[in-house]
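Note that the protein sequences, when read in sequence, are chains A and B.
My numbering applies: residue 1 is where the first sequence begins, and numbers increase by one.
My numbering applies: residue 1 is where the second sequence begins, and numbers increase by one.
Treat the hints as calculated values from the structure; they're not laboratory data.
To spell it out: a stretch of chain A is covered by chain B in this simulated footprint if at least three of its residues, at any positions, have a beta carbon under 8 Å from a beta carbon of chain B; those stretches are:
id, region
1, 10-23
2, 312-326
Between beta-carbon pairs, the in silico distance windows are:
id, chain 1, residue 1, chain 2, residue 2, range
3, B, ASP138, A, THR16, 23 to 29 Å
4, B, GLU80, A, ARG18, 29 to 35 Å
5, A, LEU339, B, GLY75, 31 to 37 Å
6, A, ARG18, B, GLU65, 39 to 45 Å
7, B, GLY135, A, ILE343, 42 to 48 Å
8, A, SER17, B, ASP138, 21 to 27 Å
9, A, GLU281, B, THR77, 51 to 57 Å
As the structure is a prediction and not an experimental result, all values here were calculated from the model.
Note that CB positions come from ideal geometry on N, CA and C, so glycine has one too.
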Amino acid sequence: MMTGNTNSKIAFAHLTSRLRQTLVATMSVTFGISMYIFMNGFMNGVNNIQADLSFSTMAHIRVYNDLPEDRTNLLKQHTNPDQVINIRNAKVIQYTDGIKNSEKILDRLKKQPEITGVTPQVNINVFYRNGAIKINGVLSGIEVDSEDRLFKTSTFVQQGSWNDLSYRTDGTIIGAGLAKKMSLKLNDNLVVSTADGVTKSFRIIGIFKTTIAGVDNTKAYIKINSARQLLSENSSFVTDVQVNIRDYSKAREVADKLASSIPYKVEAWQVANGQMEATTELRNILAMAVSMTILIVAGFGIYNIMNMTVNEKIREIAILKAMGFEGNDIVQIFLLQSLVIGIIGGTAGIVFGFLISTAVNHIPFQVATLQTLPMTFYLKDYTLSFIFGMLTTFIAGYLPAKKASTIDPVIIIRG
Amino acid sequence: MENNIALSVNNLNKYFYDPETFQVLKNISFDVKKGEFLTLIGKSGSGKSTMLYVLSTMDTDYEGELFINRTKLTGKTQNELAAFRNAYIGFVFQFHYLLPEFSAIDNVMLPALKLGLKSKEEIKENAFQNLSLLGLKDQAYKSANKLSGGQQQRVAIARALINNPSIIMGDEPTGNLDSKNTRNVFEIFKELTKERGQTIIAVTHDEEFAQNSDRTIELADGELLRSE
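Using the sequences and the hints, build the whole thing.
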């Protein structure tokens with residue numbers, strides 16, 4: 001108890017007698033921690049934006065009725081060697097398009113705990129016509145609310161309003177590229193014709209722009225029931241069920257699990273987009289590499305400064321030992337200093353890191369759907385960096401103090 | 001072994017290895033009685049300071065055996081030696097080696113606070129008495145780095161005395177002091193040996209200081225020359 005007080009008094013004297021050096025050590029901790037917080041926030045922000053952009057038109061999991069299996073080699077099934085078989089011009093004569101009884105499947109999907117959103121769609125390949133112009137595209141019949149919940153489609157609508165679609169059965173919201181190609185404006189009419197020859201005219205009540213040209217140039221939204229009408233299907237018919245889950249990187253596992261209970265094709269986004277999976281993985285690896293690099297660089301910075309602080313006091317350590325202070329006392333004295341530097345530097349680092357992140361988050365960056373530079377503020381990054389800062393400071397204080405505490409005082413005194 | 005032996009060394013040998021192997025102390029054996037005032041003399045490089053550090057347990061890199069108060073100290077761990085020094089040895093360095101951030105009295109109190117046998121108030125009182133004894137009553141609360149060299153040296157002596165150690169060792173303890181203060185310190189040392197039975201071992205260059213001590217040991221080239 002008595003020694004504890006004495007030790008903390010010595011530690012405090014060391015800290016205050018060389019304020020400048022204490023300040024430099026504290027600042028190195030602050031710098032390391034705030035850089036870690038900022039870089040991680042920025043990396044995660046960029047990653048999230050990229051994921052958001054990718055998933056603005058694509059769900060994590062898609063449920064649909066796949067074409068029947070490959071039956072080009074029908075002879076394979078034939079086993080009786082006494083018969084002669086001749087097959088010419090084989091064709092599928094019975095094939096159900098789309099999902100007929102969608103309610104059951106939707107119910108089942110909505111009950112899954114890892115699923116955060118489900119929306120049914122009726123997607124139809126159509127020709128858009130306006131006078132002589134004919135463009136091939138996809139007409140997407142959607143549920144206005146759940147579609148927006150999954151894809152935030154309303155944020156892409158530039159003219160008109162997404163919600164208007166819910167009470168306009170003859171309304172359509174079309175891609176900006178499509179509108180331009182067909183010289184159409186708001187309140188003009190868009191004529192669509194299906195593969196089966198049905199033609200219908202829709203009123204353009206909105207124009208959207210996702211900045212993904214492939215979508216903007218070919219897509220138009222209508223209400224899901226209007227789409228069913230076009231195909232003369234009943235009110236439980238859908239072509240696709242789009243599903244979002246909590247963690248998009250787990251889509252494959254969730255899809256595999258769902259596949260056993262759903263009689264249709266359940267496809268994770270990675271299966272349909274191999275190249276996107278690769279870029280996502282690479283981004284994650286890059287983020288980890290950057291984060292590790294900062295940890296190591298910051299760690300060495302902190303270590304060096306702390307080491308210097310201890311080494312400058314090494315003669316005093318020898319004197320204390322000569323007077324009878326034990327190894328534990330010496331270690332205690334320097335760990336106390338580390339602790340103070342770590343806590344002050346760490347707290348300042350968290351505040352400073354937050355300030356830098358907030359400032360960068362306000363820098364304008366008007367590309368695609370972005371307004372400012374992206375940034376995340378995860379509690380995890382803040383806690384982790386603080387723990388890391390404390391740990392490094394601790395080790396940096398402990399190692400040289402431990403070393404000094406085990407050698408003969410005379411070695412230090414003699415120099 | 002006799003009961004009144006404070007310190008004894010047997011066959012002490014010590015080598016320096018850098019830049020080349022060199023024997024600093026050669027086969028040294030002697031005893032110091034309790035209450036004895038012993039001075040070590042010799043030319044510079046004769047090994048007297050080196051020997052003092054070995055005797056003080058601050059240097060463990062030697063061959064031979066060291067006993068203090070009949071406790072064998074050779075082979076003990078750093079922590080055991082630190083605890084032993086704290087309770088039984090007071091050391092005065094050639095240079096004062098005070099903690100510059102602390103006041104004179106705080107410096108003096110440190111070893112006693114570490115020992116933890118007395119209350120802080122008692123320790124403070126003792127420290128103040130020690131400082132007064134060395135003529136530093138007025139400097140007690142000044143920061144150590146504000147004192148003159150001689151004053152700092154006397155603070156260091158006061159610090160060495162605080163735990164009433166059975167042995168006080170000094171590496172030229174009066175080297176930085178003027179003749180008046182040297183005489184004062186000498187008188188204090190003399191008194192400690194006579195009245196309290198404390199043992200003093202001091203390395204010195206001061207002929208007069210050595211002559212007035214109880215016994216003088218002279219070292220030359222690491223060997224014991226005379227022990228009168």
